[in-house]
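Asker: Chains A and B supply the protein sequences, listed in that same order. The first sequence: position 227 = 227 (this note's numbering), numbered continuously. Just add 465 to the spot in the second sequence (first one is 1) and you have this note's numbering.
For the record, the hints were derived by calculation from the structure and aren't laboratory data. Beta carbons: idealized from backbone N, C-alpha and C, even for Gly. Don't take every hint at face value.
[Said to hold, decoys possible] Computed, partial: chain B to chain A, Cβ under 7 Å:
(1) G486
(2) K671
(3) Y681
(4) L768
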Amino acid sequence: MTSSGISPLERIHRFIDELRARGVPVSMVERLDAMRAAKIAELDQADGLRTALRCTLIKSPDHLSAFEEVYGLYFSPASRRPATPAGYSVQPDAVRPPLDLERAVTSVLRDGSAELARQVAEQAVGEFVQFEAGRPVAGVMYERSALAGLRLEELAARQLAEAAAGLGGPGAPGQRLRLELQRTEVTARAEYLRGQVRKVIRELLVADRGADAVAKTLRQPLPADRDISTASREQMREIHRVMIPIERKLATTVMRRRRHRTGLIDVRATLRASMATGAVPMRIVHRKPRPTKPQLYVLADMSGSVATFAAFTVTLVSAMSQLFSRLRSFAFITDAAEVTDVFRHVRDPEHAMATIRDFVNASQLGGYTDYGRALRQFHGAVGAELERRSTVLIFGDARGNYLPAEEATLARISRRAGSVYWLNPEPQAQWNTGDSTMRAYEGYCTAAVTCRSLSDLRRFIERLD
Amino acid sequence: MSYSQPGRGAQADDVAGPFAGTASVRAGLAAHGYLADDKIAGVVSLAARLGKPLLVEGPAGTGKTQLAKSVAQLAARPLIRLQCYEGIDESKALYEWDYRKQLLWIQAARGDETFSADAVIEDGKGIFDERFLLTRPMLEAIRSPEPAVLLVDEVDRVDAETEALFLEVLAEYQVSVPELGRLTARHLPLVFLTSNGTRDLSEALKRRCLFLYLDYPDPQREREIVAQAVPGLEQALVDRLVALVDTLRRLNLKKPPSVSETIDLARTLHLLGATDLDLTASSLTLNVLLKYRDDVQIADAALARRPWQPRP
Ligand SMILES: Nc1ncnc2c1ncn2[C@@H]1O[C@H](COP(=O)(O)OP(=O)(O)OP(=O)(O)O)[C@@H](O)[C@H]1O
Ligand SMILES: [Mg+2]
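Let the hints inform the model, and build the full structure from the sequences given.
Answerer: Next comes the structure, spelled out in structure tokens:
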């Protein structure tokens, strides 16, 4: 069923339903506001309706990318055109002669003309994509063929090589800086062109199957709610984009709460002080700020199946080191090694992934994940300094290749530390299946929880102290 | 003085004029030195025409505060500003009873034979009068004899409980004073709230507002902002400067350079009579643009990186 024949109002309702299906919170009040705004929107403006819907429905930057994607499906011009059999292929304008694509791409990369980019995208999709009507696809393969046909990567690289030569070659004054600036620009323009190609493909999909059906195919949870372990490279980037504000919010929340806590009134001291004023409490005495910063010890499984998860968790925790009086992190596959310094300046998970790969190559390529051994080594390294204020976090799926779990070591750690938390990226139903030994460890943890997404991780850290 | 009836007594004043549409807002703001894009201007126009508060969120130094100030200028209305901070409460945001004046009044009234201390205690007769009310920014904006622009700046700094006190103003344009009843707006103020996003604001607050995410301006607009702020600077240098800032914002910095920092650097370069921006100047450049040592190191490393190589 296509959604081309529906009324504008109905279209907005379906659009909002799709936002909600993706996890964007839209209340009834906001739905009504959107309708009111749509009524007075400046429809003669290029983005009049988009602006009206965005400012009434989206109340957090984390939801903007979902809004843009869904808006593109429901309100791009092509999606309002009824699907005709001929609509399956993009027909080059009768009056417009076909472009020389190589020259056109080069020109887009040089001066970033939006109009030309759109033309290039349309022609590339027409020439390089074998569109199959009716297939419930997301268009990823189409996008790949169109981009390959355009030779976008190659042409961008050539553009930069030429720019470099034009700047007087290596060593010329300011050459590096200018080259870097050029690189940013060319990359951004290539990205824009890529976006246009995707847009044209989405318009075709919508014309073919209708916005509702395509939206359903493309639907995925918001970045913060997405499963980290299975994220693709592109998804990792999206998740990372929402991670930075989350880090900041987490730090604010935790620090404010701690400050609050130290500000409590000390009743005894207040009464004692009031003796001087005839038992009238003129002077309120507050509790001395306690040194409440906890110490954090992290042990993370970095083996293949959970490497992405480890990259995010360790990056996030390292970014928050100011919240802890002491932070030491350890990573393991077969052997545990301290990585506190390695991760100190790592801010993005992709970088962290590379760091992890180096770490793996250097020490234990091809080894089996060995939880028992790692726990023993971790205990050997930090056991003596663990105390009541220490919190131990273990990140991993507890899949130990049927090697001994050695839970007695965890018991020893647990006796010394104030608390031990196990964060497992697998859903609880998968614990203890196959080689997972969560059961053996669970009893020695203050809590063992499933932690799959940034939202999970955030909730956990917020409750930590 | 009598108090208005509950509900929305006031009308939206003269919002149509300068706020009629994107183009007029954009032109009007530009006339007051604020360079907006269509997105910003469009949302401001909608907020004014729908009579809803506008919550503006974004990184530091992207022009959130300035937007509210410029809108006030554009509308030729007084700007009433509530600067939020941690620990701010009702008595600083909404109103406070002026107990000194109340005490003075009681002392003065004692001489009067009709004065009854019991009556005062019983129903606050005489002492709970608008004369003794110290209006703070939110109430001031509501009671203003002429239409005003209310700016609640950095609302993410207040705690959730205090935030709840703002809701009545945002939704009903009124303030309830238990001793007096509801004080409603004479004129609907235009309300702007800004946030740096250091905390999640409550759903209740967000529901009542329209939302504008104010990101760093695109290079074209930033060039215009810089050229306007530092008119003497050579165009080629402005281009390069803005491109550099754009590059830096793509790195993973703790604090990416804001528009204010771009302007600061432009001023510095102008003062120094610089004509080009290159790596020999970059330690100065980066130190003006970046606030953290770590960030300077990261940027230095990135900019001195090996020449471009095609991606695998
Ligand atoms: N669009 C613009 N047109 C003109 N000047 C601008 C614009 N955007 C920002 N500026 C200038 O940038 C500076 C920073 O703006 P402002 O103080 O409003 O930022 P802010 O977003 O409120 O920052 P903070 O979050 O730190 O409070 C000001 O000097 C302002 O004049
Ligand atoms: Mg400000």
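Asker: Hint by hint, say whether it matches the structure.
Answerer: Each hint tested on the structure:
Using the Cβ-Cβ criterion of 7 Å, the hint placing B:G486 at the interface with chain A is satisfied: the shortest such distance is roughly 5 Å. For B:K671, the interface hint holds, the least distance from its beta-carbon to any beta-carbon of chain A being 4 Å, beneath 7 Å. Nearest Cβ of chain A to the Cβ of B:Y681: about 12 Å, over the 7 Å cut. The hint is violated. At its closest, the beta carbon of B:L768 sits 5 Å from a beta carbon of chain A; the interface hint therefore holds under the 7 Å criterion.
Of the numbered hints given earlier, the model fails hint 3 alone.
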